[in-house]
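Visitor: Chains as they are written, first to last, in the working numbering: chain F, 283 to 469; chain P, 1044 to 1428.
Quick caveat, the hints were computed from the structure, so don't treat them as lab data. Any given hint could be a false lead.
[Claimed, not checked] Cross-link-like lysine-lysine pairs, in silico, DSS-like; alpha carbons within 27 Å at most:
hint, chain 1, residue 1, chain 2, residue 2
1, F, 448, P, 1046
2, P, 1271, P, 1288
3, P, 1046, F, 367
4, P, 1402, P, 1351
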Amino acid sequence: MIEILIHGRGGQGAVKASLALASAASKAGKYVQSFPEFGVERRGAPVKAFTRISDEPIVVRSKIYDPDHVIVLDPTLLHTIDITKGLKDGGWIIINTEKSPDSFTEFKKRFKVATVNATKIAVDNRLGSKVAPIVNTAILGAIIRVLDVATKKELAEGIKEFVPIKAEANVKAANEAYDLVKFSEEA
Amino acid sequence: MKKVILGDHAVSYGALLSRVQTIAAYPITPQTLIIERLSEMTANGESNAIFTKVESEHSAMASTVGSSASGARAFTATSSQGLALMHEMLHWAAGARLPIVMANVNRAMAPGWTIWTDQNDSLSARDTGWMQIYCQNNQEVLDSIILGYKVSEQVNLPTMVILDAFFLSHTAEGVDIPDIKEVDKFLPPYKPEIKMDINDPRSFGALTSPDVYMEFRYKMQESMDKAKEVITREGKEFGKMFGRKYGLVEEYRTEDADTILVASATVASTARAVIDEMREAGQKVGLLRIRVFRPFPTEEIVRVIGGKKKVIVIDRNISFGKTGIFFDEVKGAFYNYTGNKPPMFGYIAGLGGRDVTPKVIREIMDDAIKKDKPESEILWKGVKL
């Protein structure tokens, strides 16, 4: 079983990203679970969403405290919260940023880093506005590429299911991120 | 068809597939998603049900009682404060012997104001005459709505299908949504023996003198007893048709176990991972999940845990001035047991939505295993004082 923690800000679509990812992995034949941080969400405030993906039925029904991988939808969160809290050694950190993975030297001591400029992809595809782009679908393309949990086709179906508005543009953004994500297996 | 859906939407699908004819409901977090989806289903023609927006939960149940009495398959859903507000009508639904099915999302009672899960809302309705089913995953939620009607319409008592706030209501997972034509074969249309009918007028809920009131209560109890057989039989029948069998309780690795953990709802689901982990370490532990709390499965509980060395009960609820409620009832089940009564440890955990993680459950197990007997009636887990 892999446990993924998505960090975002209210309004960026962390919860929808988790749902679409779970749906895609389910279509790939996996057992899945997706849920938000159970609270009262506020736009702009840090939020979390959780995804479990497994070859076996999933019985654990508590929040994820020690994730295998973390996703960071908003690079400003890197200065606000400890996104590596509980993260298992060798786990992936997938960050929405224009920077390259090599610029995260601190993270790379214990973890693997992948980066993608999901903000630019979202703006280019007119997802959300320039000041508040909705980056959730773009980052999904990067996630399935790096973690290898679903195909592009399965992800497209998952996105259409949970993000039906502007579905085509969202799928296109995911595909672009799939191609543009920068990562290497070396820690 | 397998689909990734929220627990709340599993309820909506369960109602849709049961071809409910009336839905009267009032929104409350974390239940609102159930009736939002049902209102979409009635608006877009997927469901032919009459959807009534009401001004309160008391009215929701009153309206549901009315439509059920007139012969409709009636549905509603609520949570917490809403369930408390409809309490008077819960007695009415059961006393009038109406086979209503309602989903209740377990949410702790205020104050302090809360939206997170525990079982005190539904357990406060324990003695209303409703059957109570505590679910552990979204599939069971959907299936239990269908099964609820199948059982309720045979025993003329209402069913409350209960799911944990957020840990089920807002958690998405893969659910097999059966074909409605298959469900039709399992659950035929509701044909009441007696209904409100202007062409065949009768009295309903008339003044009931001390001469006869007690007999009505006797009949309710008789039906609750009969419900145990019906739930078991229909749960097996459902298994034959859909591949998922349900009973009053569920056993997990209990057979050669000397220590049994008793739990319900999602805590029982999470506990399976802990049982596996401890089994791998060579510890003989097992799990008894209480699925149906009313009617209470006394015989099944005694059969599974009688003669064991130790019993540990986790309650996500409390009867103030007594103990955890499941713990109290499990102990009560042993009063007439003539064999060796196992020592019982009653832990309270997870109130108000505090997370009951595998680690929490493991600590509870380890704590009880190292002790000969509990030092107090209530063992609080994780209280910060």
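Visitor: For every hint, state whether the structure bears it out.
Guide: Quick rundown of the hints versus the structure:
About 21 Å separates the Cα atoms of residue 448 (chain F) and residue 1046 (chain P), which keeps this hinted pair within 27 Å; it holds. Restraint check: the Cα-Cα separation between residue 1271 (chain P) and residue 1288 (chain P) comes to about 15 Å, which is no more than 27 Å; the hinted pair holds. Distance restraint check for residue 1046 (chain P) and residue 367 (chain F): the Cα-Cα separation of roughly 32 Å exceeds the 27 Å cut-off, and the hinted pair is therefore not satisfied. The straight-line distance between the Cα atoms of residue 1402 (chain P) and residue 1351 (chain P) is roughly 24 Å, inside the 27 Å bound, and the hint therefore holds.
Violated hints amount to a single one, hint 3; each of the other numbered hints is respected by the structure.
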